[in-house]
Amino acid sequence: MNTIKHITIAIIVGLIFQSYAFSQTSEETAKIIINDSLKSAIDLNGVVVFGDSVDLEIKTLDPTSDLRTDEVVQELEGVSMIRRGNYAAEPTFRGMSSGQLSVTIDGMKIFGACTDKMDPVSSYVSSNNLESVSVSSNSNHTSQGSNVGGGFDFQTKGPMFSTEKEFSGSAGLGYQTNGNGRLADFNLNYGDSAWAVNLNANYQKFDNYNAGGGEEILYTQFEKVNFALSASWMLSSTEIVKAQLIYDDAYNVGYPALPMDVSFAGGRIYSLSYKKYLKKGSLDLKAYGNNIEHIMDDTKREFVPIHMDMPGRSDTYGAFANTKLRIHEKHTLTINPDYYYNVSFADMKMYPNDPNRPEEPVMYMITWPDVRRHSGSVLVADKFQMNNTSTLTYSGKIEYVTSKVFSDFGLRQLEAIGKDGSQPSSYLLGNVDVLYQKELNENWQVFGQAGYAERQPTVSEGFGFYLFNSMDAYDYIGDPSLKKEKALKGTLGVNWKKNFTQVEGKVFHYQFQDYIIGIVDSTFDGMTIGSEGVKIYENNASASISGFEINFATQLFRNVKFQNSTQFSYGLDNDKHPLQMIPPLQNTTKLGYIYKSLEFRLEAMVAAMQNNPRVDAGESSTPSYGIVNFHAQSPFTLFNQKWNASFRVNNLFDANYWDHLDWNSIPRPGRSFVFKLAMKF
Amino acid sequence: MRTLKNIAYLFMALAVVSFASCNNDDPEPTPTPTDPFAGLTYIGETSAVGAGANVKIYADEPLFVGYNNIYVAVYDSANTSTQLTDGHITFMPEMDMGMHQHACPYEDPSTTVDATTQAFKGAIVFIMPSTAGSWTLGVHVHNHANGHSGMAMLPVTVVEPTEPKLITFESDYDQTKLFVTRIEPKSPEVGINDFTLGIYKRESMMSFPAVDDLVVSMEPEMPTMGHGSPNNVDPVSVGNGMYEGKVNFTMTGYWKVNLDFTTANNDTVKTGQYFDITFQ
Numbered sequence: 006m007n008t009i010k011h012i013t014i015a016i017i018v019g020l021i022f023q024s025y026a027f028s029q030t031s032e033e034t035a036k037i038i039i040n041d042s043l044k045s046a047i048d049l050n051g052v053v054v055f056g057d058s059v060d061l062e063i064k065t066l067d068p069t070s071d072l073r074t075d076e077v078v079q080e081l082e083g084v085s086m087i088r089r090g091n092y093a094a095e096p097t098f099r100g101m102s103s104g105q106l107s108v109t110i111d112g113m114k115i116f117g118a119c120t121d122k123m124d125p126v127s128s129y130v131s132s133n134n135l136e137s138v139s140v141s142s143n144s145n146h147t148s149q150g151s152n153v154g155g156g157f158d159f160q161t162k163g164p165m166f167s168t169e170k171e172f173s174g175s176a177g178l179g180y181q182t183n184g185n186g187r188l189a190d191f192n193l194n195y196g197d198s199a200w201a202v203n204l205n206a207n208y209q210k211f212d213n214y215n216a217g218g219g220e221e222i223l224y225t226q227f228e229k230v231n232f233a234l235s236a237s238w239m240l241s242s243t244e245i246v247k248a249q250l251i252y253d254d255a256y257n258v259g260y261p262a263l264p265m266d267v268s269f270a271g272g273r274i275y276s277l278s279y280k281k282y283l284k285k286g287s288l289d290l291k292a293y294g295n296n297i298e299h300i301m302d303d304t305k306r307e308f309v310p311i312h313m314d315m316p317g318r319s320d321t322y323g324a325f326a327n328t329k330l331r332i333h334e335k336h337t338l339t340i341n342p343d344y345y346y347n348v349s350f351a352d353m354k355m356y357p358n359d360p361n362r363p364e365e366p367v368m369y370m371i372t373w374p375d376v377r378r379h380s381g382s383v384l385v386a387d388k389f390q391m392n393n394t395s396t397l398t399y400s401g402k403i404e405y406v407t408s409k410v411f412s413d414f415g416l417r418q419l420e421a422i423g424k425d426g427s428q429p430s431s432y433l434l435g436n437v438d439v440l441y442q443k444e445l446n447e448n449w450q451v452f453g454q455a456g457y458a459e460r461q462p463t464v465s466e467g468f469g470f471y472l473f474n475s476m477d478a479y480d481y482i483g484d485p486s487l488k489k490e491k492a493l494k495g496t497l498g499v500n501w502k503k504n505f506t507q508v509e510g511k512v513f514h515y516q517f518q519d520y521i522i523g524i525v526d527s528t529f530d531g532m533t534i535g536s537e538g539v540k541i542y543e544n545n546a547s548a549s550i551s552g553f554e555i556n557f558a559t560q561l562f563r564n565v566k567f568q569n570s571t572q573f574s575y576g577l578d579n580d581k582h583p584l585q586m587i588p589p590l591q592n593t594t595k596l597g598y599i600y601k602s603l604e605f606r607l608e609a610m611v612a613a614m615q616n617n618p619r620v621d622a623g624e625s626s627t628p629s630y631g632i633v634n635f636h637a638q639s640p641f642t643l644f645n646q647k648w649n650a651s652f653r654v655n656n657l658f659d660a661n662y663w664d665h666l667d668w669n670s671i672p673r674p675g676r677s678f679v680f681k682l683a684m685k686f
Numbered sequence: 273m274r275t276l277k278n279i280a281y282l283f284m285a286l287a288v289v290s291f292a293s294c295n296n297d298d299p300e301p302t303p304t305p306t307d308p309f310a311g312l313t314y315i316g317e318t319s320a321v322g323a324g325a326n327v328k329i330y331a332d333e334p335l336f337v338g339y340n341n342i343y344v345a346v347y348d349s350a351n352t353s354t355q356l357t358d359g360h361i362t363f364m365p366e367m368d369m370g371m372h373q374h375a376c377p378y379e380d381p382s383t384t385v386d387a388t389t390q391a392f393k394g395a396i397v398f399i400m401p402s403t404a405g406s407w408t409l410g411v412h413v414h415n416h417a418n419g420h421s422g423m424a425m426l427p428v429t430v431v432e433p434t435e436p437k438l439i440t441f442e443s444d445y446d447q448t449k450l451f452v453t454r455i456e457p458k459s460p461e462v463g464i465n466d467f468t469l470g471i472y473k474r475e476s477m478m479s480f481p482a483v484d485d486l487v488v489s490m491e492p493e494m495p496t497m498g499h500g501s502p503n504n505v506d507p508v509s510v511g512n513g514m515y516e517g518k519v520n521f522t523m524t525g526y527w528k529v530n531l532d533f534t535t536a537n538n539d540t541v542k543t544g545q546y547f548d549i550t551f552q
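Sequence lines, in order, name chains A and B.
Numbered by this note's numbering, the letters in the first sequence go through residues 6 to 686 in order.
Numbered by this note's numbering, the letters in the second sequence go through residues 273 to 552 in order.
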């Protein structure tokens, strides 16, 4: 019994330490906790809660939620989604995207396998397997990989040890009216005091949805299945070994904003990790790999001038350590060495169909020329508890990353367009970040964050070959000799709380140097049929993004919570032209009401008109919009069995709208009713 | 201390991972060919009567309508294992069409000896296939070993390649009959390719001298996709009828290389000419 107690304490201490550690940098971090177990430390949407005294969270999710991963990520403060269809929206943070952000799943580096960014990393995890999602503007938030904008980290559920009930789990079925969506999920956990195994499954199948007003939006169907198997073994009272496997397949995914769909996207993600709780800290070791495959498909389209096959592959292998040590009563030191290796390959076959030239062979080109990238980095961070009211958290990361083209064919292609890819493209990258926070009194807290960050170009930016972007209708070509992108950034924030009310405001500014952006090169012909021409990735001398975020949360009555958040970003390039994919001013209001075990949530989201489009990026002004969502759920007991029923109405007033970040202004889904019934055991 | 040890283990683990992911792809050593004529196509052999020599004719590939490199290996007729490299070789190709005969453009090997094969190397631009008549390759040998001369006459077969390598047109400027042959790329591939044309004119039925004063503009295009390629270099005259430039292919498949010809004074000679180049 004693051992069990010891173990339990170790786990609890570990969890608290971990959440404590998270909260150290949470001032800049928006985080959604899906699993309830860690709820006390951090709450929803970046509203910082000091201790457990006030919980202003309005619950968005239960563990068997019917929300999809991208819908969960969208809830984070500062986050807007780029949509190309009804699947796998790409998260942006404060107007920054893809290569500017680092995205990890359980700390693992994963790179999408689609040259057209149709498979952001978030598409390879399932929402019912998520424990938390966090985003931070601190480039050292995740130790994996350099970035200028910060990063997202997805934490999946692990298996849970148990001393009471060996088997537990849930099974749910749901239906969504708009798009004929069929949803099913399943979770089974086995846990004793030494072993824990968890199997999680999720299935979704959607047909085309109707936009507000009833118009069917073609090519918005998808089907997805996700399995996650994980096992933990408690080696000793302070050591845990964990193995993890995620198997994610998506089929027949429509992308109405693009000329092609996806017949298959598959992710295989696996890892082996070791965790040790030390007397004054913890040590995590992890080795991992992932294999991503992505196959585009145009066979279901009506108008196909040339049938094409466009498969892509991305394989990543890596290992890292996270060491946290309380070296002094006022200093907590983090040292994270990290290594990863990525291979990206994509090619393209075009099938001629001229009946007068039946002998004409298939046209072939390589779009990602077998680029192999090695990266090694070390992150060192210290959290300095200066006194009772002030903390200073500072960190530095240094990374060496080198990429080389291994396809001779690819090298010749680059040569043909006047680019030399024969030598490795190597970058030495440095990131520093300093965060100072001070509690002025029991109501006021202020904080300031400053950082300098650098990033290397992505595979597409460095080596991509005629990658078609259907938003601006240009083919993009990479440049292996690009300079690294740099950013100086700062955030100032103030937080006020009293009784059951809390307000937080942040202003931020990013000053970029050598900002990587596609610039039209009129000496090139577009390759894709219908393309306007070619853009080549170049370093724009400077660019900037600034904006603010405001959050207000209060408890109106004992069982009524109110939350309102506003976010705004504004981006300019070197010539003072607007940057592309900058979200408009957005405001979200949430009202939560709890009656006995019944929970209600009413949500209104409005976005202002975006009248600063980047015209040469295919953008035009986007009208404002507003939508209202409603959600109700309640647990109940029937036949001696615990159940949870939920009912949701998305886009209650059937608004016909699209966001500025939705490619080619494809309208989003109109009103939809979602029913979900889950059994918990 | 245990922590330090743990960290040390970690670095070792990382080192192992980094080593494991480096792979050595040693290229296979290529065997050195022993036969100097390996890789060439044997066309035929005959004796150069009067020169005390036999000639064996080789080409890069079976003779075709267009620019053919011709290798003339000369042997002592008394001792056929002795290859002669001291001599002077000239060509006299002739097409017999029954009603009339004509020659075609060519480059005499003269005294030029190919380093690999020790054969005399020249070129012949066949301007029609053997289906139109019969080609005879006349090779005049001046054997410096014995000071004698003689003529070898070898009937040869010339085929029309699947994709024409020769275009023929009448100049809009001075009505001269011009012959433009694509010499490079021989084996087109994705990337930068040499683009070499040979341009000749018909002065008489037996005289087809090189033309060195034209200006050529070139533009490759992929008709199926409707695009071209960047960074091409127009072929410019380098003498002997040769025009050298660069053509870029950004993918495999069917390319059409469009050509316009003008005089140095920008008078139009011919527009709308092209070579099809298909490769996989």
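Read the hints as simulated data drawn from the structure, not as lab findings.
Worth double-checking, as some hints may not be accurate.
Derived Cβ-Cβ restraints for the label pairs, each shown as a range [stated by the list, open to error]:
1) B:T543 x A:D621: 44 to 54 Å
2) A:P429 x B:S476: 56 to 66 Å
3) A:G219 x B:S489: 49 to 59 Å
4) B:G498 x A:S486: 26 to 36 Å
5) A:D413 x B:H416: 26 to 36 Å
6) A:S486 x B:M364: 53 to 63 Å
7) A:G423 x B:E442: 50 to 60 Å
This structure is a prediction, so every number in the text was calculated from the model and none was measured.
Glycine included, every Cβ here is placed at the ideal spot set by N, Cα and C.
Here is how each hint holds up against the structure:
no.	hint	verdict
1	B:T543 x A:D621: 44 to 54 Å	violated, 34 Å
2	A:P429 x B:S476: 56 to 66 Å	holds, 60 Å
3	A:G219 x B:S489: 49 to 59 Å	holds, 56 Å
4	B:G498 x A:S486: 26 to 36 Å	holds, 30 Å
5	A:D413 x B:H416: 26 to 36 Å	violated, 46 Å
6	A:S486 x B:M364: 53 to 63 Å	holds, 55 Å
7	A:G423 x B:E442: 50 to 60 Å	violated, 37 Å
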